[in-house]
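Q: Protein chains in written order, with the numbering used here: chain A, 1 to 221; chain B, 1001 to 1312.
Some hints could be false.
[What the hints assert, rightly or not] Simulated restraints, written as ranges between beta carbons of each label pair: (1) Arg1205/B to Val212/A: 37 to 43 Å; (2) Val1062/B to Asp159/A: 46 to 52 Å; (3) Arg1139/B to Asn150/A: 29 to 35 Å; (4) Met22/A to Met1053/B: 37 to 43 Å; (5) Asn150/A to Met1019/B: 56 to 62 Å; (6) Leu1130/B to Asn41/A: 49 to 55 Å; (7) Leu1022/B to Arg69/A: 48 to 54 Å; (8) Arg31/A to Leu1138/B: 31 to 37 Å; (9) Tyr79/A to Ser1173/B: 55 to 61 Å; (10) Tyr79/A to Arg1139/B: 26 to 32 Å; (11) Arg1139/B to Asp199/A: 44 to 50 Å; (12) Met22/A to Val1122/B: 44 to 50 Å.
[Stated by the list, open to error] Reference excerpt, derived from the structure (chain B facing chain A, CB under 10 Å, subset only): (13) Leu1080; (14) Glu1082; (15) Leu1097.
Just so you know, the hints here were simulated from the structure itself, not pulled from any lab data.
Cβ atoms here follow ideal geometry from the backbone N, Cα and C, with glycine treated the same way.
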Amino acid sequence: MKSILSLPRRAAAKLVGVAISMLVHFLTAVRANWQGIEPVNRQRVYFANHVSNADMPMIWSCLPPNLRRNVRPVAAADYWLKNKLRAFVGPEVFNCVLVDRRPEAREDGHDPMQNILDALDDGSSLIIFPEGNRNMTDDPLLPFKAGLFNIGIARPDIDLVPTWIANVTEIMPKGEVIPLPLICTVTFGEAIHVNDGEDKTAFLKRASNALVALAPKEEKL
Amino acid sequence: MTSTTSDLLWLFAATCGLMTALTIVGELLRIRTGDDNPVVETFMTRVRSWWAMIILFTLALVAGKVGLLVLFAFASFAALREFLTLTSKRKADHLSLALAFFVVLPLQYVFIGLGWTGLYSVFIPVYAFLMLPIVSALRGNPDRFLIRVAETQWALMITVFCLSHVPALMMMSVEGYPADRGVLLIAFLIMVVQFGDLLDFFFGRRIGKTRIIPGISAKTWEGMACGVICAAVIGGLLAWMTPFSVVGAMGMAALAATVGGFGNLVFAAIKRDRDVKDWSHLIPGQGGFVDQFDSVVFAAPVFYHVMNLIWM
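The following block holds chain B by itself, in its conformation from the complex (with noise of 0.2 Å):
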């Protein structure tokens, strides 16, 4: 067993020991509050979530390079799919729009398995980019024209480009970091992100008083400071995952955390716009993908730019 697997089992196992510790706390609060608590019920709903993410991941992490692209293509996907479901479009956009699923998507995650950096960073924002407008252009119905391409853009951009430089971490090689760790950079940018996420919601609850935009979200200053620092620290304890220093590792979980902090009310926004609660119901408990994802989805191109930045 290499000590990149070795590594893994550990924190699956670290990872269901705390899970179980949470789905016993459940266990507890609704025995202590009754069978209808509708609280205790949604942390329930949202562990059983969170318990078949897990494994789902593990397994693709298991699997390796391909497990993890194919894992991160179908997220993409239904990420796609959520956004594209909300935004404008005409009966002209259709052929772009089934290019942007069926051709742009996979690509972008082909280009990433082959390792072709060149190429799957500029792919989306240079390529699609140009084309699909012109594929629109095409079909000659001129109404509503900007926002529609500009819909569209801003769909595959977050949820195609910027989700898969989650998986392009793997293609990071960093010296005296064997490449096949790259995986574990992945786990620690979920976990920081996702951890910090949720202490956020929990400090927020407990001592939140000032909104960050009142109306749009319920986010305040005070649990999204408690919820960067809580992610810095875990951030140091799993520093043994990444290349970095204890203090960087803190560091790039901090940052991780603001900006994903961040992008939380970026899409808070745009459901506000489009006057709906949730991106869909994919996910029990919460939502849909992209609500799930939207923080890791802002922090991972800035992690994957910033440690380009400093330790290549």
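Chain A on its own, in the form it takes in the complex (with noise of 0.2 Å):
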């Protein structure tokens, strides 16, 4: 994909991308909290809640550059190929592994896994919301899609690792136009994975259990 796109293309893509993270960090301070690994270049999958759409930008944001250039966050494609801004966006500035989500849209036969897989032999790390959707309930989590237990059957070497973002409804509630600059937090907790005979529905209840571990203990008043 790299190769046919021409050179000032991927120029504009890097300075959008360095744009992106001037402005996450100038109107939320994003902060890393590595409480569970260091940010060291390993291939990883981090999984992370998903409440906004301002939640990818964050986490990349936040990774240290050497770990940002390796990453790519797994993303829907009928959301980023929707138009030509959302086009150069998600797939060259984010370098985005396009997901469909929509099963009558996708090639006779393609499994949208093998894009992961793929990605992920290319030896790049991943960001994921296993979660499918945005979050709008009031519970802190939905229940994950079988994609993350499936990755961690398919590669068992990779760490998937737990990630919370903090703050960010508070920053960009639904339907709102202006953020807050408020202080988001991003913690990134010890990394799991898929154990010897473990099933679908134990691996991912526990994957859940050690995103929620990681949010702050709020008692909002």
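Take each chain as given, in its own frame, and dock them per the hints.
A: Right, here's the structure in full:
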């Protein structure tokens, strides 16, 4: 993909990336809290809670540049290919791995998992949102989709890292236009793997618990 | 070169000299204690942060009125962000909080820049105080309403209103004190309060015994007394920067250091209530903006108004 992009386009993508990261840092003073792992360049799958469209740029921006170069967010093709601007920002600035959520839009017999596994086999790290959709409920997390389990089974050596994004709902509640410049923290927990013989339900439950455990204890009065 | 500029250069040279001495002391301690002594490393991170702050502050002082206003507006922005991250809010407050950040804060500094004393003294305590709760109420969620509006107002008072009284010192006109020396008055206030803080910490560690509020802050009466006395002495030495006599400068310095010291305790109580150690992580080695400037924030309006009462 990259080789067919012209040089000025790649330069523009790089520049937009820097601008987005600076904007995120200015607005939210985003901070990475490496609680369970070190910020080193190892192949990882960061799985995170998803409440707003700002989640992915937030995680992306708080990764150190050397990690950021090697990380690819997994994102919905129907969202990122909707118009030209999105098609530039998603695949080129963030270098997204696009996955089509709509079975009818896929080419015959194409498994969307394949894109993800290909990206992993290229050596990239990934950011995924295992809830599949933005969480609009009051529960901390929606039930996880099977994707995370399938990755864990197919590539058992790769670290699956729970990643909790705090405060985004307050920065930009649904339906609001102006983001509040509050401080946002992204907490990275201890990596997990699929255990021998662990079934899908048990693993997804364990992954979900590991993620919720990173949420700051806030008794909001 | 005007006398103010040459005084500023002198001040900058002297501060750099002091900081160089502190850096050398730190490096010597590093050699003596080995590479991994946590106390020395904390000290060195702090020294580095001080260097950055002094350079930034000097640049703003040299840039004059606009430079200082911009610097303090950004300080307020960072402090307000730290504060509002910890307060209670609901979705219904979104618009009023956005107004606090993007309208109230810039306007306060614009009014100061224009020298509209009557307006900047009441803008936040009266207009923001009444208008923002109206905006929140109109959005309809009464859950914990009083707590929400009270905390938002407190955040604005502390981080915008009080902090903005530091650059407001530029606007004071005292007879026989050239208007352009106002920047020196700001440097005076910040120096006496910060040195008072530092020496309070130092003596508190050495000879402090009686904690002022045990369990909340490590501050001791002994440390605080020493800090205030040292601030007064430093104030006396720096009297040439101010319109005050030597005794007057000592008095004002002692007042600022005392109020600042107690302000520090108030912020310690808030941090304890919200169960955080620091307000944020913005300044390496010292936590957040509010951690660094809590005492200056408390001292500034008192300094401003007492000066208004006595010298105007």
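Q: Now tell me if each hint is right for this structure.
A: Here's how the hints hold up against the structure:
no. : hint                              : verdict
1   : Arg1205/B to Val212/A: 37 to 43 Å : holds, 41 Å
2   : Val1062/B to Asp159/A: 46 to 52 Å : holds, 50 Å
3   : Arg1139/B to Asn150/A: 29 to 35 Å : violated, 43 Å
4   : Met22/A to Met1053/B: 37 to 43 Å  : violated, 22 Å
5   : Asn150/A to Met1019/B: 56 to 62 Å : holds, 57 Å
6   : Leu1130/B to Asn41/A: 49 to 55 Å  : holds, 54 Å
7   : Leu1022/B to Arg69/A: 48 to 54 Å  : violated, 38 Å
8   : Arg31/A to Leu1138/B: 31 to 37 Å  : holds, 34 Å
9   : Tyr79/A to Ser1173/B: 55 to 61 Å  : holds, 59 Å
10  : Tyr79/A to Arg1139/B: 26 to 32 Å  : holds, 29 Å
11  : Arg1139/B to Asp199/A: 44 to 50 Å : holds, 46 Å
12  : Met22/A to Val1122/B: 44 to 50 Å  : violated, 36 Å
13  : Leu1080                           : holds, 8 Å
14  : Glu1082                           : holds, 7 Å
15  : Leu1097                           : holds, 5 Å
The structure does not agree with the numbered hints 3, 4, 7 and 12 stated previously, though it agrees with the rest.
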